[in-house]
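Participant: These protein sequences, in sequence, are chains Y and G. For any residue, its number in our numbering is found by taking its place in the first sequence, counting from 1, and adding 228. For any residue, its number in our numbering is found by taking its place in the second sequence, counting from 1, and adding 421.
It should be emphasised that the hints constitute simulated quantities derived from the structure, not laboratory data. Some hints could be false.
Simulated restraints, written as ranges between beta carbons of each label pair [to be verified]:
| # | chain 1 | residue 1 | chain 2 | residue 2 | range |
| --- | --- | --- | --- | --- | --- |
| 1 | Y | Pro333 | G | Leu465 | 47 to 55 Å |
| 2 | G | Pro553 | Y | Val921 | 48 to 56 Å |
| 3 | Y | Gly918 | G | Ile640 | 27 to 35 Å |
| 4 | Y | Gly851 | G | Pro637 | 32 to 40 Å |
Computed list of chain Y residues with no C-beta within reach of chain G, every gap over 10 Å [claimed, not checked]:
| # | residue |
| --- | --- |
| 5 | Pro743 |
| 6 | Glu927 |
| 7 | Gly928 |
| 8 | Ala1000 |
| 9 | Pro1046 |
| 10 | Gly1067 |
| 11 | Pro1076 |
| 12 | Arg1085 |
| 13 | Gln1091 |
| 14 | Met1095 |
| 15 | Leu1097 |
| 16 | Met1109 |
| 17 | Arg1120 |
| 18 | Asp1128 |
| 19 | Pro1159 |
| 20 | Ala1181 |
Yeah, the Cβ is synthetic: ideal placement off N, Cα and C, and Gly gets one too.
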Amino acid sequence: MSDDRRGLGRRTFLKAAAVASAAAGCSPKAATQKLIPYLIPPDEGVPGTPLFYRTVCRECPAGCGVTARTREGRAVKLEGNPEDPIGRGALCARGQASLQALYHPDRFKGPMRRGPGGKLAPITWDEAEDSLGQALVAARAKGPGHVRLLSRSEPGSAGALQKAFLRSLGAREEDRVVLEPFDPAPLRAAGEVLFGRAELPVLDLAAARTVVAFGADFLETWISPVEYARQFASGRGRVGEERTRLTWVGPRLSLTGASADGWLRARAGGELAVALGLLRWLTDPKNAVPDLAPEARALFARVEPLQAADLAARAGVTWAEVERLARELARRRPSALLGPGPASQGTRATQLAGVVLLVNLVLGNLGRTVLYGLDPREDVPSSFQEVEGLLAAMSAGKVDVLLVAHADPAGALPAALGPEAALGKVPLVVSFASRPDATTDRAHLVLPDHHTLETFGDAVPRRGVVNTAQPVMTPLADTRSASQVLLEVAGKLPIEAAHFQWSDFYDYVQARAEPYAAAALGTVPDLALAQRDAQQRGGWWFDAARERVTPSLTLAAAGAFLSLPPAPVSGGAQLDLAVFPTALRGDGRGADLPWLREIPDALSSVSWSPWLEVSPATAARLGVRSGDLLAVSTTAGRVELPAYVYPGIRDDAVGLPLGGPEALSLLPNAKDGSGAFAFASATATVARAGKRVRLPLLEGSPYQHGRAITQTVSATAPAARRPDLSHVMYAEPKHPEHRWAMAIDLDRCTGCQACVVACFAENNVPVMGAEAAVQGRYMGWLRIERYLGDEPGGALDVQLLPMLCQQCTNAPCEPVCPVYATYHTAEGLNAQVYNRCVGTRYCSNNCPYKVRTFNWRDAKFPQPLQMQLNPDVTVRSRGVMEKCTFCVQRIRYGENQARDERRPVADGEITPACVQSCPAQAMVFGDANDPSSRVSRLAREPRGFRALEEVNAQPAITYLARVKEPEQP
Amino acid sequence: MTTPSFRSLEETVRATHGPPGPAYFVALGIAGAAAAFGGWSYSLIVREGLHWTGLERPGMWGNLITDFVFWVGIAHSGTLISAVLFLFRARFRTAIYRVAEMMTVFAVLTAGLYPILHLGRPWFAYWLFPYPNQRELWVNFRSPLVWDVFAISTYLTVSTIFLFVGVAPDAAALRDRAQGWRKRLYTLLAFGWRGTDEQWRHYTRAYLFFAAFATPLVISVHSVVSWDFAVSVLPGWHSTLFPPYFVAGAILSGVAMVITILVPLRRAFHLEEIITQHHFDMLSRLVLLTSAIVTYSYVTEILLAFQGPPHDPERSTFVYRMTGAYAPVFWLMVTCNCVGPTLLYFKAVRGRAWALLTICVLVNVGMWLERFNIVVTSLAHDRLPFDWRVYVPSWVEWAMTFGAFGWFFFLLLIGLKLIPPVSIAEMKEDLAHHADAAGAGMDHDA
């Protein structure tokens, strides 16, 4: 060709283009970008459409059902399973946050063995199982007791398999120790003594008209908090006699106590004297309490010698207060008395549990609100005595192989028990933990278990409820189900008994499901099919009412519980150390989950840090303010903790949250009669440490300063005060189709923070860390505002106010935005367009509710936490404002579903994440344009008021005032 | 007072453009370094976000917005002196208005930066301008921040034009005797001025027109700035008093800044013959008057707030200002803005340059604190007590605040060497009027 001068010819161009595109296709970046992580997608998976799987929560023994929402093969959110009788669609803060355990950046990537250098080094599963097998064979040869297993409570197939595995090795029953730090063992022990039933009663608080909690935080962590919150709330939100009343007894007002109508400020350990006082007053024939159980007369003979004055002195309250509570119990039936919880579990916990049960019995609550016979006793936790026995055996060198399954003896047991030293004496510690904890730091073999969301399984929280687990996504790393590992190891052992008929854990689960299927369905033609169906729904549920029994009292045994407790010894410089569990920290197994650390405690508003609660008087005596470091010393140890001044604690006590190493290092080794650990037994000396820290506090002022931000109503004044807003200057925005609105019942809200975690998960709200919390840069779209009273130094009056965007009709944020980044939608939402926002922050300044958060810096989602991000919601960049949208993506999803099915949106069909998660069903969402919707009806209630209504922003959220009945004498 | 001749006047003014001494370079260096350090500090914000500030909810605005309002305020008295006093035929303005005008332009150049610097995404600041675009996005004309954009850009345009119009005859005079780049610069600034009758006729008309045009801006610009706060629903911001209050405060701070600049300038450039005690006396009276207005506004605001019921958030905000975490700011502000200027009642104080300078510097401190007090304390103590928080500016914000002063004085120092700091033409006119009035013969040959 003679066209050299033309430069690029057609052929040359095509060649160059081909080479360039091939090179682009080969670039490593292009090769690793995966939008949808499937090679072969499942048939039912449609990109952009969520898939839901039913499974079970294993964060505490309550065993709530879970619905896991997955998108493109990743679990993105956990919600309750609406069919599950325990949670009924709700899930607590810790349950929802367990999703972050799945994506935790520290999760082990595969099996590891501690090498000669003391470092854990990766090995293959075959090597791991072989070495475990060899060690087991060697240890077995030495006789029983040399192989021990420490597990969390596994009321289901996993626990059954563990037992079978140990049995096949010739181990004894007691070689398997079950560690549940918060297990209410005294209640079982008292049940055994009184009724011959070592069971946990199942409660029906919905039937109770008065609830008295003796340190039992049943709205936070106690036994089954989601279920109890729902039952309790069903009796709230009404004015008058039919409303359930709650009295909290204890030295510190807990979050459960914040929902109470009365607080009996018993001193630490004084709960027992209060309970005895109630028993004495109620059984006293002089008081002529009607309809008492026949045992009342005999019981009175036993409690008659107890003097009211002695009891009151030991309780640290006046007798009149006890009498008033007794009168209420006499009048309002049935009732439920609950206790003890960790906060009241002292050295006489079993006695307290016994007296509480006796009062329940006397009042006729047994069989009505306190039900026996429903505890499946599938995997009863061991007492601390047994745990101690194990530690002693370990220390004595009698344990050759210790298998640790989801228990963390080094991190969850009081330091006074010396778990770390004991672990050091075991030649082979095998941990099945998924991520590092204090025990894996000392383990020789780490065999990381699947997360619950990656495996099959089941949990039997009570008779008639079997919640099933199934994998909702492909395992993220080279982990293996601990049960599967046991099956495989067993199969390799040269022991005939260990060669189970199942090679796969799923087969084992299915085999065990047969009786459940029979109970639930009657006849089961095809177990595999029935099992699949049950897994689709999330469990086997059948009526177990016929299992219920009304226990009969052994009067002679009751006598042991009816003695006068000893006079308290504290006083002087010694303060009672009131440890307490919180809804976010729990027993500490989720202590490293970002959401649970980032979200402030509902009562103290502290995040990212432990704190020591001191009363204002104690603070004044010590000369400290919130944030000053205090040195706390007990017989077990000394810890420096930042003070938090809290008027809800007695002057002779200091409060310290459980769920962290601080409390564990301060608690001395004390047990109650049943062998349960006595949390509430320590006294401490507290002194200024002379230093100050910047405590990450959310609260500015905990007082309402006379502004009446929250309201209360009573039977005499059942309507909330509303300002006159009849003068209208401008036409208001029109909402032709829908006007989304919410109602929040403050009489039901318990401050459990489930809604806050739900919001974090649903809306990709970033976790910013401790430093940001100190600076007031918490990003939560929804916060629990907690007020302690009207004025500093005034009466304690705890009020909770969930504060989220009010989606105002006259939104002050809207007109001030110069670029229309925030604007009013036709459905009444104050939309925020992130990619239009330039970050003037005027909208936040003009927002009376301060519910907008600003991205001060780019949020970080350390890998693989970014897999949890909800693909329906933008991840915001730095420099833009963000806020609650009423979960607009869920609204659109619901609207689109309805449109596809050619029907109007049904009331209650659309729920924002917070509303969906609320155990107490305190939040209701719906269309205010529909006068018959639930939210519209609630908005018309006389209890309804709006936050800062006088600003006339016309919020879409109606708060229903808390009911506050004046106490009757 | 000796009356300068036309020639000595021109020589004196021309002398200000002589080769700068070491003191000038030291001053320029300090100002430039402060501006540069402020700029570098700001680059942290651009790179990593506003977490470098001390801002937090509820206090989303802090030092940077305080700086903005402060510098807009400074800008005001320039126009007041050059335009309003021109219309009122207040003769004492002639000697000082050029400095005041330069101060205005540079202060607006400073002020205009800060709303942009404080943005979360400053690279999108141009979205605040209504410009046609294919996304069909428009600005929200209901937002006071958009009004600000117009107010500031209008003010910058008008004050710059006004400055350059006034400079044209002087530039022509300098052009005729300058060499090199200065000749080219003054040729440009003279706009072909040749001093013909026709040009003078057009010039005086135009000057009158611009003066009349600029006068309403003195009122409007700072009123608009005050609406940033007044149209909000925040207690402590939401007040109809704000526009006049802000304008008075702006003039107070502006005049104080003029005095702050003139006292050392007069000394450094040997302008004692031109800028006389009479000028300082008149400016001091202006300070005194506006200080009284500002004091009255403070009192009114507080009294009105105390009309509310005991737990009214507005009342609470004012109590908080006086007794809360920011009480030192409030009382220092009162001392500087209300107490300090009362000393100017005494002629002896007005007559002492150092006393005047001290009072005026303190007024500027006080006026900065006033804006801080308004912006920050109201936000820190809003309606929901649970969210109250005390904002403390970070070092980055302080660096940017001092950087603003560096930037302003850097521009001013350069401007003084390029633009005659006193209007030669108008001074000559005044001299002529003076001479005519005195009936004495004058040397008209200049």
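Participant: Quick check: which numbered hints come out false for this structure?
Facilitator: 1, 3, 4, 6, 7, 8, 9, 10, 11, 12, 16, 20
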